[in-house]
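In order, the protein sequences belong to chains V and D.
Number 233 in this note's numbering belongs to position 132 of the first sequence; there are no gaps in the numbering.
Number 596 in this note's numbering belongs to position 531 of the second sequence; there are no gaps in the numbering.
Since the hints were derived computationally from the structure, they do not count as laboratory data.
Treat the hints loosely; a few may be bogus.
Here are the simulated lysine-lysine pairs, DSS-like style, with alpha carbons at most 27 Å apart [claimed, not checked]:
| no. | chain 1 | residue 1 | chain 2 | residue 2 |
| --- | --- | --- | --- | --- |
| 1 | D | K204 | D | K300 |
| 2 | D | K300 | V | K265 |
| 3 | D | K312 | V | K116 |
| 4 | D | K240 | D | K227 |
| 5 | V | K218 | V | K351 |
| 6 | D | K465 | V | K265 |
| 7 | V | K265 | D | K720 |
| 8 | V | K183 | V | K218 |
| 9 | D | K300 | V | K116 |
| 10 | D | K465 | D | K631 |
| 11 | V | K217 | D | K204 |
| 12 | D | K768 | D | K698 |
| 13 | D | K551 | D | K417 |
| 14 | D | K698 | D | K788 |
| 15 | V | K374 | V | K218 |
| 16 | D | K305 | V | K265 |
| 17 | D | K743 | D | K768 |
| 18 | D | K544 | V | K265 |
| 19 | D | K383 | D | K427 |
| 20 | D | K417 | D | K388 |
| 21 | D | K508 | D | K537 |
| 22 | D | K240 | V | K265 |
| 23 | V | K122 | D | K300 |
| 24 | D | K312 | V | K265 |
| 25 | D | K383 | V | K265 |
| 26 | D | K204 | V | K218 |
| 27 | D | K644 | V | K108 |
| 28 | D | K644 | V | K122 |
From chain D, some residues computed to sit far from chain V (all C-beta separations above 12 Å) [claimed, not checked]:
| no. | residue |
| --- | --- |
| 29 | W96 |
| 30 | G269 |
| 31 | T561 |
What follows is a set of in silico ranges between Cβ atoms, one per label pair, in the way DEER data are often shown [claimed, not checked]:
| no. | chain 1 | residue 1 | chain 2 | residue 2 | range |
| --- | --- | --- | --- | --- | --- |
| 32 | D | Q525 | V | P283 | 15 to 25 Å |
| 33 | D | K300 | V | S324 | 35 to 45 Å |
| 34 | V | D206 | D | I175 | 43 to 53 Å |
| 35 | D | P225 | V | N203 | 26 to 36 Å |
| 36 | D | Q525 | V | T133 | 54 to 64 Å |
| 37 | V | N203 | D | I175 | 48 to 58 Å |
| 38 | V | N203 | D | T347 | 50 to 60 Å |
| 39 | V | D206 | D | E747 | 48 to 58 Å |
| 40 | D | Q525 | V | E339 | 49 to 59 Å |
We put the beta carbon where it would ideally sit given N, CA and C, even for glycine.
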Amino acid sequence: MALEIPKMSYNGVIKEIPLGKEANPVIVGGETSYPFYLFEGEMPHPPKIAMEVYDAPPEEWAQAALEPFADVINDPAAWAQKCVSSYGAEMVALQLASTDPNAQDNSGEHAVEVTKKVAAAIDVPLIVLGSNNLEKDTEVLKMVAEACAEERLILGPVTEGNYKALGAASLAYHHTIAAGTPIDINQAKQLNILLGNLGVPDERIMVDPTVASLGYGLEYCYSVMERDRMAALTQEDERLQFPIVCNLAKEVWKTKEAKLTEQEAPLLGDPLKRGVLLEAMTALLLLLAGGDILIMRHPDAVQLVRGFMDDLMAN
Amino acid sequence: MSKIICSAAIRGAHKIVERAESKYQEAMEKWGPDQELGFPNTAYYLPIIYGISGIAVKKLSDVKQVLERCRSLLPAQVDEHVWLPYLAPALEAGMATFFAEEIIEAIRYIESPDFYTKTEDPSNGNLWLGAADDVILRKRGVEFVDGTAPGFAAVLGAPPTKEIAVQIAQELQEKNLYVFMGAEHEGRTMSEQLVEAGVQVGWGTRLVSFGPEYTATIFAMGFATRAAMSFGGVKPGDFKSNLLYNKDRIFAFAMPMGTVTDEWYANAAGAINWGFPTIADTPIPEVLPTGICTYEHVVSNVPHDELVTRAIEVRGLKVTVAKVPIPVSYGPAFEGERVRKDDLYLECGGGKTRAVEWATTKDMDEVEDGKIELFGPDVDDVEPGARLPLAIVAEVAGRKMQEDFEPILERQIHHFVNYAQGLMHIGQRDIAWIRMSKAAAGKGLQLKHIGDILHAKFHQDFGAIFDKVQVKLYTEEDKVNEILQKARQAYGHRDTRIEGMTDETTETFYSCTLCQSFAPNHVCIISPERTGLCGAYNWMDCKASNEINPTGPNQPVEKGECLDPKLGQWKGCNAFLYKASRQALDHYNFYTIVHDPMTTCGCCECIAAILPICNGVMTVDRDYPGMTPCGMKFTTLAGTIGGGASVPGFVGHGKYNITQRKWILGDGGIKRLVWMPKRLKEEIGDRLTKRAEEMGIPDLLDKIADETVGVTEEEILPFLEEKGHPALSMDPLLE
Numbered sequence: 102m103a104l105e106i107p108k109m110s111y112n113g114v115i116k117e118i119p120l121g122k123e124a125n126p127v128i129v130g131g132e133t134s135y136p137f138y139l140f141e142g143e144m145p146h147p148p149k150i151a152m153e154v155y156d157a158p159p160e161e162w163a164q165a166a167l168e169p170f171a172d173v174i175n176d177p178a179a180w181a182q183k184c185v186s187s188y189g190a191e192m193v194a195l196q197l198a199s200t201d202p203n204a205q206d207n208s209g210e211h212a213v214e215v216t217k218k219v220a221a222a223i224d225v226p227l228i229v230l231g232s233n234n235l236e237k238d239t240e241v242l243k244m245v246a247e248a249c250a251e252e253r254l255i256l257g258p259v260t261e262g263n264y265k266a267l268g269a270a271s272l273a274y275h276h277t278i279a280a281g282t283p284i285d286i287n288q289a290k291q292l293n294i295l296l297g298n299l300g301v302p303d304e305r306i307m308v309d310p311t312v313a314s315l316g317y318g319l320e321y322c323y324s325v326m327e328r329d330r331m332a333a334l335t336q337e338d339e340r341l342q343f344p345i346v347c348n349l350a351k352e353v354w355k356t357k358e359a360k361l362t363e364q365e366a367p368l369l370g371d372p373l374k375r376g377v378l379l380e381a382m383t384a385l386l387l388l389l390a391g392g393d394i395l396i397m398r399h400p401d402a403v404q405l406v407r408g409f410m411d412d413l414m415a416n
Numbered sequence: 066m067s068k069i070i071c072s073a074a075i076r077g078a079h080k081i082v083e084r085a086e087s088k089y090q091e092a093m094e095k096w097g098p099d100q101e102l103g104f105p106n107t108a109y110y111l112p113i114i115y116g117i118s119g120i121a122v123k124k125l126s127d128v129k130q131v132l133e134r135c136r137s138l139l140p141a142q143v144d145e146h147v148w149l150p151y152l153a154p155a156l157e158a159g160m161a162t163f164f165a166e167e168i169i170e171a172i173r174y175i176e177s178p179d180f181y182t183k184t185e186d187p188s189n190g191n192l193w194l195g196a197a198d199d200v201i202l203r204k205r206g207v208e209f210v211d212g213t214a215p216g217f218a219a220v221l222g223a224p225p226t227k228e229i230a231v232q233i234a235q236e237l238q239e240k241n242l243y244v245f246m247g248a249e250h251e252g253r254t255m256s257e258q259l260v261e262a263g264v265q266v267g268w269g270t271r272l273v274s275f276g277p278e279y280t281a282t283i284f285a286m287g288f289a290t291r292a293a294m295s296f297g298g299v300k301p302g303d304f305k306s307n308l309l310y311n312k313d314r315i316f317a318f319a320m321p322m323g324t325v326t327d328e329w330y331a332n333a334a335g336a337i338n339w340g341f342p343t344i345a346d347t348p349i350p351e352v353l354p355t356g357i358c359t360y361e362h363v364v365s366n367v368p369h370d371e372l373v374t375r376a377i378e379v380r381g382l383k384v385t386v387a388k389v390p391i392p393v394s395y396g397p398a399f400e401g402e403r404v405r406k407d408d409l410y411l412e413c414g415g416g417k418t419r420a421v422e423w424a425t426t427k428d429m430d431e432v433e434d435g436k437i438e439l440f441g442p443d444v445d446d447v448e449p450g451a452r453l454p455l456a457i458v459a460e461v462a463g464r465k466m467q468e469d470f471e472p473i474l475e476r477q478i479h480h481f482v483n484y485a486q487g488l489m490h491i492g493q494r495d496i497a498w499i500r501m502s503k504a505a506a507g508k509g510l511q512l513k514h515i516g517d518i519l520h521a522k523f524h525q526d527f528g529a530i531f532d533k534v535q536v537k538l539y540t541e542e543d544k545v546n547e548i549l550q551k552a553r554q555a556y557g558h559r560d561t562r563i564e565g566m567t568d569e570t571t572e573t574f575y576s577c578t579l580c581q582s583f584a585p586n587h588v589c590i591i592s593p594e595r596t597g598l599c600g601a602y603n604w605m606d607c608k609a610s611n612e613i614n615p616t617g618p619n620q621p622v623e624k625g626e627c628l629d630p631k632l633g634q635w636k637g638c639n640a641f642l643y644k645a646s647r648q649a650l651d652h653y654n655f656y657t658i659v660h661d662p663m664t665t666c667g668c669c670e671c672i673a674a675i676l677p678i679c680n681g682v683m684t685v686d687r688d689y690p691g692m693t694p695c696g697m698k699f700t701t702l703a704g705t706i707g708g709g710a711s712v713p714g715f716v717g718h719g720k721y722n723i724t725q726r727k728w729i730l731g732d733g734g735i736k737r738l739v740w741m742p743k744r745l746k747e748e749i750g751d752r753l754t755k756r757a758e759e760m761g762i763p764d765l766l767d768k769i770a771d772e773t774v775g776v777t778e779e780e781i782l783p784f785l786e787e788k789g790h791p792a793l794s795m796d797p798l799l800e
């Protein structure tokens, strides 16, 4: 008798979210099965890779991460263009890291100016991320939302502390929200409910579950994302059926292992390979956990992950 | 609805519609049907007409069908001899009024192009701003959505003097409300009064001078209607969603000041469609029952100094307090801080003097929000190292306030007072103990500030369950004793009520899924007699938590049909469990350790386990680090049964639960308890004895073994036999 492989039965679908310019949208989501379980369901829109751009020249970056962008670090617009044209980025994620009051504390006006330039330089969807400082992010992202009214940005992290202000701004100026919660599925769900109550339509919400680097608590993030997808796809949890954004590069490249030079840690091998593999492995695991958008940094890591994804999609 | 009001509103609507009709005729003759018509820079045409009826008025000729709609909406004039209920016709008349007024105002834009400034602020000596364009709508509308501006007051007419106008405007500004001004009364407008008094008006100061006529009301209503379309995704013509959006989200109200004419009545009736009530300063009839608006519809004859407070109450607007107004630092960081003897400025309670705290419910009109009173000496009146008796009474009122929430608010006094730097708080109720440091007193901290703290923090954290709070503090011996007597009565009353609540007589239990972040399938269901296993949430806390945060982890669970009264199983609870555990469990029992017991996340205060040789049950609390007769320490037990599994033979529970009537009652209850740590015995001893008395074994406590007797079943069994523990003669625990 032939062996019949049992199939999982799903009763949910991840919502399809159109991102970027209305004329030329990039759609994420739409999965009807666990990630890459193409024998059980569909992934009409394979996960997308967004490449990072910083609003000010980065400080203390590993040489390996800096090297590909050495010619553009002073010009976020050129940086964004390079990501798209040279490395095939499907989206760009602008990190407004310099607005952090504990860093340069750059102003909202500065952020607006950079965002406008970057938005004008590219055709792909633009994710704009604050510095994870609640008060400053609220102020800065609100200004960005207003000034870039028709750009249809993806704004994040929108958290429980500022969802009203940023939710309202997104409604008024037609942006999408990356709803950020600290590795907690219940809070993620609750924030989605709250955004819905505020009036933000479902096609403008994505989930940023907070991710960590390989070796720095990735397992926990993996479990939370996995649970998120189980609830969304098999347990009719309607308020979790949203695409997931993984802001991973900045987590990977701030780890000690990604930053140590060969002289400092000869036993850890080639720092370029080391950093790239750390990033690629992290991204890959997050893909398997259900990530829809991976925010990445190094072109080689992007290449590796893309190849892996192609293999998975081909089967 | 009051017949007088309805008749007047309908009369007014007729007049206004006729006025619009004649304006339309005039305009048609003058400019012809193709004349463009509309408000400047908006994609919403004439917004009320567009939002409610879906008709996009672009040209003069489009007005015809709107006027026809007005006519069909307009009810007949009220006959003196007809006594039908008038609410519906009056509301329709109000809607026709707004349609007609939009037409009148739109034609004004053609007739006198410079009548309105079309700007955010008055310019070139012209005060009247007219319709807000879409840029203003988006910018200001955001504030309505995110709550920085909860709503607006639509003012018609003007108060008697400019001083009163300024006072009312300021009060509304303090509540972050927009003031939309239109209409004149005896030749005065509030906008002009404010300008005369030197107050800056315009969108920037939230004092919006829309226009001089009553028809300017539609600029306010049009703003609200557009907000629903712009921010609520409401489609043009979907009047029901539009009106409900406004009722639920935009905290607006009409505030007529001066003689309420038929036209004003018509406008007020219109606003009720949006859920916006009317608060008047003149003695017009009132419409009090709840129906279209959240609470009352028309409240009248309100003195000017109470107008704003009353309006906020009637509309159900919540007060927000951003910062705790005290002269020392404030935050959870200071909670654990001690004030030691050498550093002591003032001490209340702690056995040296009396200190009592009490939260009590009052009627809405008995409480003035934010009023803090101190009777007796304060910090300034005493020397360092002084002692004073103290009574803190928080008088709370609110539409949603319930007596059951009093202890929840009262318990917070401990945390909230402790958050202040230099204030230490211990205990609660009549055993409260407060110490203030010299440094805090040096910075100007007074006892009265405790009132400010409670006012601010109650609003910040518990605003959902009450509306107003005033605080009275007493530091005179006789007054404190007087309060003490009253408070003790209240405590007694509360305790009896909570203890009197049974699972049988309570239909709604509450879930707690707070721990699902790490125990994904675990679901607590908390009933009055099975308090939360973590000890942090009892039934009442869950109820309040649900009021405060309706989408949070505490959801009401209708217990439904009882499937097993002995073990405690209900159909409704099972259904909830099945869904909330993501289909991992389809049932559990509340009152047993043997048969499919309730799950635990791992946060339980205690874990009970079966001791088969003793035919009984032991329980161990988290603080006891040693070995127990079941062969496992607490940590091992928690690791074994935590994570949301239902493990027969083990159950997690709260300390308090042991002495509740239903604790493993299906297995024989407290009579099965043969071992527990000595310290836990001491902690709950009194209550346990009381419960044991009810069960007919007053000396049960002495029969329960602890670690001084032994930590294996073999060691404790002789002790149980010697004491004649009831478990030994009960039916076998395991069948």
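For each hint, the structure was consulted:
1. D:K204 with D:K300: 20 Å, holds
2. D:K300 with V:K265: 22 Å, holds
3. D:K312 with V:K116: 30 Å, violated
4. D:K240 with D:K227: 20 Å, holds
5. V:K218 with V:K351: 22 Å, holds
6. D:K465 with V:K265: 24 Å, holds
7. V:K265 with D:K720: 40 Å, violated
8. V:K183 with V:K218: 14 Å, holds
9. D:K300 with V:K116: 22 Å, holds
10. D:K465 with D:K631: Roughly 36 Å separates the two Cα atoms, so the pair is violated.
11. V:K217 with D:K204: Within the cut-off at roughly 19 Å; holds.
12. D:K768 with D:K698: Between D:K768 and D:K698 the Cα gap is close to 22 Å, so the pair holds against 27 Å.
13. D:K551 with D:K417: 21 Å, holds
14. D:K698 with D:K788: 26 Å, holds
15. V:K374 with V:K218: 33 Å, violated
16. D:K305 with V:K265: OK: D:K305 and V:K265 at ~24 Å, within 27 Å.
17. D:K743 with D:K768: 12 Å, holds
18. D:K544 with V:K265: Violated, because 45 Å separates the two Cα atoms, which is more than 27 Å.
19. D:K383 with D:K427: Status holds; Cα separation ~18 Å.
20. D:K417 with D:K388: Violated, at roughly 33 Å.
21. D:K508 with D:K537: Status holds; Cα separation ~22 Å.
22. D:K240 with V:K265: 18 Å, holds
23. V:K122 with D:K300: This hinted pair holds, its Cα atoms lying about 23 Å apart.
24. D:K312 with V:K265: 19 Å, holds
25. D:K383 with V:K265: Within the cut-off at roughly 16 Å; holds.
26. D:K204 with V:K218: It holds: about 23 Å lies between the C-alpha atoms, which stays within 27 Å.
27. D:K644 with V:K108: 22 Å, holds
28. D:K644 with V:K122: 39 Å, violated
29. W96: Holds: least Cβ distance 35 Å, greater than 12 Å.
30. G269: It holds; D:G269 is separated from chain V by about 16 Å at its closest Cβ, greater than 12 Å.
31. T561: 36 Å, holds
32. D:Q525 with V:P283: 15 to 25 Å: 22 Å, holds
33. D:K300 with V:S324: 35 to 45 Å: 41 Å, holds
34. V:D206 with D:I175: 43 to 53 Å: Distance hint for V:D206, D:I175 holds at roughly 52 Å.
35. D:P225 with V:N203: 26 to 36 Å: 55 Å, violated
36. D:Q525 with V:T133: 54 to 64 Å: Because 44 Å falls outside the window, the suggested range is violated.
37. V:N203 with D:I175: 48 to 58 Å: 57 Å Cβ-Cβ, so the 48 to 58 Å window holds.
38. V:N203 with D:T347: 50 to 60 Å: 57 Å, holds
39. V:D206 with D:E747: 48 to 58 Å: Check passed, 55 Å falls within 48 to 58 Å.
40. D:Q525 with V:E339: 49 to 59 Å: 31 Å, violated
In summary, the structure is inconsistent with hints 3, 7, 10, 15, 18, 20, 28, 35, 36, 40 from the numbered list given earlier, while agreeing with the others.
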